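Trainee: What follows is the residue order along each chain.
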Amino acid sequence: MNTYIPAIDWALAMPLIVILGTGLVALLIEMFRPKQNNNLIVGVSLAGLAYCFVLLVNQLGKPVATTFSGMILSDQFGTLAQLIIVGATFLTFLFSESYLRQKRIAFGEFYPMALWSAAGGMMMVATENLLMMFIGLEVLSIALYCLAGMSRGERRSEESALKYFLLGAFASAFFLYGIAFVYGSSGRIDLEGIHQGYGNAQDYFIVFAFALILVGLGFKAALAPFHQWTPDVYQGAPTNVTAFMSVVSKMAAFGALIRILGYSYDLQELWLPAISGIAILTMTVGNIAALVQKDAKRALGYSSIAHAGYLLVGVLAHIKMPDTIGLSTVIYYFIAYGVMTIGAFAMISITAKGGKEGTRTQDLNGMWRKAPFAAGILFLCLVSLVGVPPTAGFFGKWAIFNDALAADLPVLAIALAINSCISAFYYWQIAKAAFVDDDPALQTDFAPVSGGLKLTGVLCAAMILGLVLAITPVMEIGKDSSANPRIMKRIDPEDRPTPTGANSAGN
Amino acid sequence: MTLNQIAFIVLSCLALFGAVGVVFFNTPVRSAMALVVNFFTLGLVYFMLGSELIGITQIMVYAGAIMVLFLFVIMILKSTNDTDKPQLGERRFIFSLLGAGVVFTMIYRYVIMPTMERTNVQFTRTYGTPQEIGKTLFTQYAWPFEIVSMLLLVGIVGSIMLAKRRF
Amino acid sequence: MGVITTTILIPIIGMLLILFVPERFSKVTKWLTVIFTGAAFLSSLSILNQFSKETFRFQMLEVTKWIPNWGIQYKVGIDGISIWLVLLTTLLTLLAAIFSFYIEHRTKVYFAMILLLEAAMLGVFVSLDLILFYTFFEATLIPMAIMIYVWGGKNRNYAAIKFFIYTFSASIFMLLGMITLAKMHEKIVGQMSFDITAIQALVASGEFWQNTGTMQTLLFWAFTIALLVKCPMFPFHTWLPDAHTEAPTAGSVILAGVLLKMGTYGLLRFVLPIFPEATMANVPIIMWLAIIGIIYGAAVAAVQPDVKKLVAYSSVAHMGFVVFGIFSLNQAGMMGGVYQQLNHGISTGALFLLIGLIYERTHTRLFADYGGLKSQMPIFSALFLIVMLSSVGLPGMNGFIGEFLALYGGFMSAADGLYGMKIIMPLLAGTGVILAAAYLLHMFRQVFYGPLNPKLARLKDLKPWEVGLVGVFVIFIFWGGIYPNTFLKPMEKSVNATRMMVTNGPGTRPVWSDDSHDIDNSGNLIQVNARNAEGEPDTTQGIKIVKAADYYTDTNVPPRNAQEAR
Amino acid sequence: MIPILTHLPFAAVFDEIPLGWFLTLSLVMFTLGAVGVVVRRNPVVVFMCIELMLNAVNLTFLAFAAYPTQMVALSNPGEAAITGQMVVIFVMAIAAAEVAVGLGIIMAIFRLRNEADVDDMNTMRG
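Chains as they are written, first to last, in numbering that gives the first Met the number 0: chain P, 0 to 506; chain U, 0 to 166; chain F, 0 to 565; chain B, 0 to 125.
For reference, chain P alone in the conformation it holds in the complex (with noise of 0.2 angstroms):
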């Protein structure tokens, strides 16, 4: 074995570096500060975010390249992915002091987990080496099992926080398992294994080893039949931790669900009716469960599964027909549903007042007339969550509409119809309570509006109106992700290394 130093490119590692390192000032400030006051640590964790999102900007376009003996991978997609979690860490931090003070834990640990949960998962989607991706998966989710844990004081909380860990602890010795799976019919732990692997006529190595793989990764991006955690943990965590992981958390898991499925071509025949069952079968589960709740954050909770359905279908559409359909579809509808739902999840927050928090439907009654603002935007981010032009959401539906009728899967574009319709109803019933005033007896106080919240709900509103303008430039970036040789590589299956003996490989 020779010993060789790898060659670093400290401008790939760079933005990941930031995070980290913005995570140790702000703790180190947290144990300086002064007596309850979270505005530096605040300030410098925004600033940290504001810094690595431009970083993260200068490296779009760049060419594919990696560092860290390809322990970190930079292309179009893993950039654009680690933007989306860049900006959702951002918005959240916005609205999260004034809420965490409102809710008595204003715990100035929230922001550096935070940030570095953000870096689990920033890792998860810039890397091709699966023992990376399994290490981001448990930096990403230690800290919010952490986070989901934070209210102390709350009976929920704390069982969220227990059933969060417990589950995602059991996905992950799933995906851990699928892993050595890939391991042994190759050799690697990177994704190239897994062609490697199929090549090695282990076939059922690499078969069970992507859905092991899947088995994981399901829980941690919250598709059916693995979402019961979901709803709990949504409506047990602090609400901007609710926010926070609803979309970094299911970005991450997309990430690298995008980057295995799309290794995993050569299988298409037998994942892709499976995967696509996965799809129905999750958009429809949220969907229906999501109708009869009466808590509104476990309702978004459901209606973020029904989501993942959504997007699985995305991105099925473009594993199916990698030369043709991009990923900018699913870029597009992470951005969009990333504000929807955190710009959704931050008005529900105002709720919280002198450490009570009442997220029943109910318990929104009267928004309308306390705080217009907030109900405004909620309103908004439900309309556009329905998928209702002209929003974001609607075209972010729209496109995936043409990418799966594109890849010739109406089935699944027929069940996303359904889907949208049915979705309606409890969306409907949010929006109503917001705006219900009739009754004085029913009216909730709210926490006053902070700024921060206000920011919060400008730049979601902005986003969801704006996207609308603004879709052939961000499908434009969206579209080089696809055009990246390492997502689209693909061997020939004459190029395929032969299998040497019998199944065994034996002598």
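Bear in mind the hints are in silico, worked out from the structure with no lab data behind them.
Be careful, since some hints might not be right.
With a straight-line cut-off of 20 angstroms between C-alpha atoms, the simulated SDA-like cross-links for lysine to any residue are [unchecked claim]: (1) P/431 to F/157; (2) P/431 to F/519; (3) U/163 to P/36; (4) P/478 to F/68.
These figures come from a predicted structure and were not determined experimentally.
Guided by the hints, dock chains U, F and B onto chain P, whose structure is given.
Mentor: Positioned in the frame of chain P, the structure of chains U, F and B alone reads:
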């Protein structure tokens, strides 16, 4: 049957005893002890596989440190005499066994059976030695190594956050 | 920026302005709304001023790229079918805004919604791109649902969600159909396009539907059902009575006056030109639905205890006539259908307005609470009578012309045995006119005759401004009934072209985007080899008739087989 | 045959014990762990079952590291063998962090409710 094979069978019987114990013993303490047995035996199995450093780490970190943590928590929680032995007639139990059985059979049939013949291998002389592992860890795997150090920090901060007084 | 875009933008700018006016200055909000809707109305008058009735093509086109990769563009234009609908929209919105001065509850959002609704409705009638159309079509949903929910009656939640879900569910399949159309366009041309003129050009040449099997029928139904829900047509009509009953008066006026027309307009603009073969094949089914709608709507209206519900069901019946006329695929019938759209907008809008006026005074809509109003409110009852008779279709009023033409067209098609039509169809539809007279007169008797209900004894008659408001409608009612050519002439060529796009075979269909042919005053499709400076066909270059008109017009009555005659 | 690990006590293992034995052991452990996660109700025990699963995975990695396929063995045996061991080391470190956090959460919930039973976690229903 060679000595090695006998040794392996004995070790795996012990490991399986531990594994079954974790799942089926009715008090957490007994489950924890069974887990220690399992971890310790696994450490020995790692030795058989030639990974001496990992075997030692397994015994020290897992069977030692981690299990102490577990026992510590079990003691604090005073749940030593809580009985939650799985009910054999319970529907959940039957279904989970059925599901696990199906998956087990499939993986066994399609993945493990073909490897039943695979024995001879080629090794470098340094296989499993601390030198080699250290070298790789600090060159090729430097980045994950750094990240795992961050991960441990996350774990520490997280535990503090969950345990400290308000604000 | 052209005049059409300006017309759409005016209400949007007004809405944004209103959002910045504090809630307590509700007077300012109201006057701002009137100013902006008035400006939009003036702007639409200038569209009418620039409009030329000499061509069936789209005028005042504005094209801007939006999402070039997928062939989506901002393309708006106006032809003879949409011009009147645009005017109807701006006029009715202006009147509805003036009428809404009594609203005191959350005025800001109310008027913002009215303006938003106006912009979206205008967009629907002028967009020539499928996705743009869909965007506007769906954008009308939210403001309308909010208006029903926030300012509605007791059962408003149910009505609003029903309204929303019905339209949303049906039209999302239309969206799938639109994308499929664009994909088929891509297969032929190599570039996705949602531009209906581009798709129609391919349809006209017969290239579009080659070797597609049953695709045309499938897509036809995806579009048609979505649009019939909006009309609404039996059996998709059940949202309408609920929505009408619960909506505030201005909402009802706009809903009946304009929103329903989006459905029939969509049929004329998209379904007929793009799915000609499927249209012809499915005429009997649609016709039977229309007839059932006419009779069922009338029958149910007759037993309603609630004035607003009665008018709502009568809308179902009237819109049945519109669809009947359009699908007769006969020049007169289609003209009647299109004209009936306007009449229904005017007369039903006026009816809802009058009901709103009386509701503001009595806060009841049940017949049982009325009676003997004739002596109490003479001006009101006179106006009500005029509007009601227009709705019945009394000769001399606009309703008569529309219904007569629609039925006439149906008779012509049925007499020729075209498209599987039977002579029983127009006969059955005709009974709808009688039924309408029956239930409307019944209502009139209940409300205005008989002993005066003592509770109503202190009612005052209409104020002058209210009379003026209704007076505008009355002017149009008589104008449309006595001199309908003002309205019919401009739409003639566009309707004729739309008809020929369906009934003519591939190759002899008019094409929106192709300048090499035109329709002459006799209704013949002619080949144009050259044009003069004004863009008129140059007669000196020799004009060949591609396909003769096979209908009668009032200006020129060519023999039925015109080609041989020449 | 390359000289095998003569410095190890179980030198002849790789000739005498096939890979399948190790894999079977790990699969049984993994399955038992999964069953335990589903059927047990005490969160600490559930967590221990998860640790059992992780260890089963570790065993799989090491077994594959020691028994590369023919092709891997021919192309780059050293690289492949070390990869498996690296993964195991990282998994151990990650498991340690997970244990710290997991037990912290269990402690936190215990302090709040004085009992811990996964089945009783039903504050949220929908």
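Trainee: Look at each hint and say if it fits the structure.
Mentor: How the hints compare with the structure:
1. P/431 to F/157: holds (11 angstroms)
2. P/431 to F/519: Cα-Cα ~55 angstroms, so violated.
3. U/163 to P/36: holds (17 angstroms)
4. P/478 to F/68: holds (11 angstroms)
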